[in-house]
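Enquirer: Sequence:
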Amino acid sequence: MKRFIPFGFLFVILLFSFIFPSIDVVNNSTTISAADTAWMLSATGLVLIMTPGLAFFYGGMVNKKNVISTMFQSFICMAVITVIWIVFGFSLAFGDSIHGLIGDPRTFFMMRGMLGNQTWKLAPTIPLLLFAMYQLKFAIITPALITGAFAERIRFNSYVAFICLFFVFIYAPLAHCTWHPDGVLFKLGVLDFAGGTVVHMSAGWAALASALYLKRRNEPNHAPARITYVMIGTGLLWFGWFGFNAGSAMGANSLAVTALATSTTASAAAAVCWINVDLLRGKKPSAMGACIGAVVGLVAITPAAGYVSIPHSLAIGIISSIISNVVVEWRTRTKIDDTLDVFPCHGVGGMVGMVLTGVFAHKNINPGNTTGNGLFFGETHLFLIQLEALVGVSIFAFFGSLLLLKITDMITPLRVSPEDEAIGLDISQHGEKL
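Taking our numbering, I'd label the letters of the sequence shown as residues 1 to 434.
Read the hints as simulated data drawn from the structure, not as lab findings. Quantities reported herein were computed from a predicted structural model and do not represent experimental measurements. Glycine included, C-beta positions come from ideal geometry on N, C-alpha and C. Accuracy of the hints is not assured; some may be wrong.
Said to hold, decoys possible - Straight-line C-alpha distance at most 30 Å; calculated DSS-like pairs for lysine-lysine:
(1) Lys65 <-> Lys283
(2) Lys283 <-> Lys64
(3) Lys284 <-> Lys65
(4) Lys363 <-> Lys65
Stated by the list, open to error - Here are the simulated distance ranges between beta carbons:
(5) Ile395 <-> Val26: 48 to 54 Å
(6) Ile395 <-> Pro220: 47 to 53 Å
(7) Leu188 <-> Pro367: 58 to 64 Å
(8) Leu188 <-> Ile407: 28 to 34 Å
(9) Pro367 <-> Gly116: 38 to 44 Å
(10) Met288 <-> Glu388: 31 to 37 Å
(11) Leu188 <-> Leu280: 22 to 28 Å
(12) Leu41 <-> Leu280: 40 to 46 Å
(13) Leu122 <-> Ile310: 38 to 44 Å
(14) Trp330 <-> Ser22: 31 to 37 Å
(15) Met288 <-> Arg333: 17 to 23 Å
(16) Pro367 <-> His222: 49 to 55 Å
Given these sequences and hints, build the entire structure.
Expert: And the structure:
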């Protein structure tokens, strides 16, 4: 009977597509910029390619018998989250605000009102539908990031159920609170240019909750299947991250250029730093280390990309790389089996980036910053607000994810059997192998 439940949901969506065709055209006096639209179309594609990049990045790190399953967990997010987004997900994140906490799911139900030249309040030069498609790509990659924490031991069907719950109850509220003009964090003055809280902290804390809930693998030690996959994934992530951060300027403008520059600078600095920290420990410089460092730098600069200077992006890359490297080493000495160190890299990297945004942000970089300058410039207001947001989001994302894991486990068991884990998830879950 359980096999028919997902198909039942699809049947309901099929009916909705007939009942709500969403063919109404909404026109206003807004002038759409061709240049901004062209750039945001490109940025949308860049952000989407990050998810296949993440699949390679994670897939190369796991045991050979789990490569396909790990990569598929990222790919399926592109399908599942897109369907939810079209039906009511965009409305939850960016619909009419309900007490600044969540959007009204009826606002853009089935993409209602997307035809014509209607725009979003904070992106007035591009079509609303383009804004919706751009934000969709952020919603796709966030649950995909979590997969590295419970890799090699989660049932595929249960994973799909969990990411649906995670999107509705964790991601959508955080996106609304942070990026909607009526959101509580937005009104508080929290600065998150491209997803330090919404994407990386939420995924990082969910990853830690998942690692604790699913407990250790039966075979926790293994050699990475393909370091070359990790390098390919890193290249795709770095490439796509330009759309992630520079695209968050919502136009082809000087702020987008600044965000692109700070992003690549922080990533480069973090990659070099990670290698040097490993050398200080007596390790050899590794391709894996350079790749992890580069991604940590990209994570940390994400909330700050459009608010800090290029020299300060170097500082953010170096500081985040050192801290994440230390946390990774600490994690290996604990019983926490965060398979691919999602929390030390994405969770901690996102938190470091949020704090350092409160340290280095300056109004000269982005006049849209009305909260104030950072601690480095002698002001404390922004720094304290960033700390408040960090604590609040951390509590919400961690304990909320724990609750969702428990609910999912009650509906359908999360963990594979010891026999299936020994065989490998590629065969036991998908009947495929390299």
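Enquirer: With reference to the structure, classify each hint as holding or not holding.
Expert: Hint check results:
Restraint check: the Cα-Cα separation between Lys65 and Lys283 comes to about 28 Å, which is no more than 30 Å; the hinted pair holds. For the hint pairing Lys283 with Lys64, the CA-to-CA distance comes to about 24 Å; that is within 30 Å, so the pair holds. In summary, the hint linking Lys284 to Lys65 is supported, as the alpha carbons are separated by about 27 Å, within the 30 Å threshold. Taken as a hint, the Lys363 and Lys65 pair is broken in the structure, with Cα atoms around 50 Å apart against an allowance of 30 Å.
Checking the proposed 48 to 54 Å range against Ile395 and Val26 shows it is violated: the Cβ atoms sit about 39 Å from each other. For Ile395 and Pro220, the hinted distance range of 47 to 53 Å is not satisfied, since their beta carbons lie about 28 Å from each other. Distance hint for Leu188 and Pro367: a CB-CB separation of about 19 Å, inconsistent with the stated range 58 to 64 Å. Range check, Leu188 to Ile407: Cβ separation about 29 Å, and the 28 to 34 Å hint holds.
Between Pro367 and Gly116 the beta carbons are some 30 Å apart, a value that contradicts the proposed interval 38 to 44 Å. At roughly 36 Å, the beta-carbon separation of Met288 and Glu388 lies within the given 31 to 37 Å, and the hint holds. Between Leu188 and Leu280 the C-beta distance comes to about 39 Å, which lies outside the given range of 22 to 28 Å. Leu41 and Leu280 have their C-beta atoms about 44 Å apart, which keeps the hinted 40 to 46 Å range intact.
Between Leu122 and Ile310 the beta carbon distance is about 24 Å. The supplied range of 38 to 44 Å is therefore violated. Taking the beta carbon of each, Trp330 and Ser22 are about 50 Å apart, not inside 31 to 37 Å as hinted. Distance hint for Met288 and Arg333: a CB-CB separation of about 19 Å, consistent with the stated range 17 to 23 Å. Distance hint check for Pro367 and His222: the Cβ-Cβ separation is about 50 Å, which falls inside the suggested range of 49 to 55 Å.
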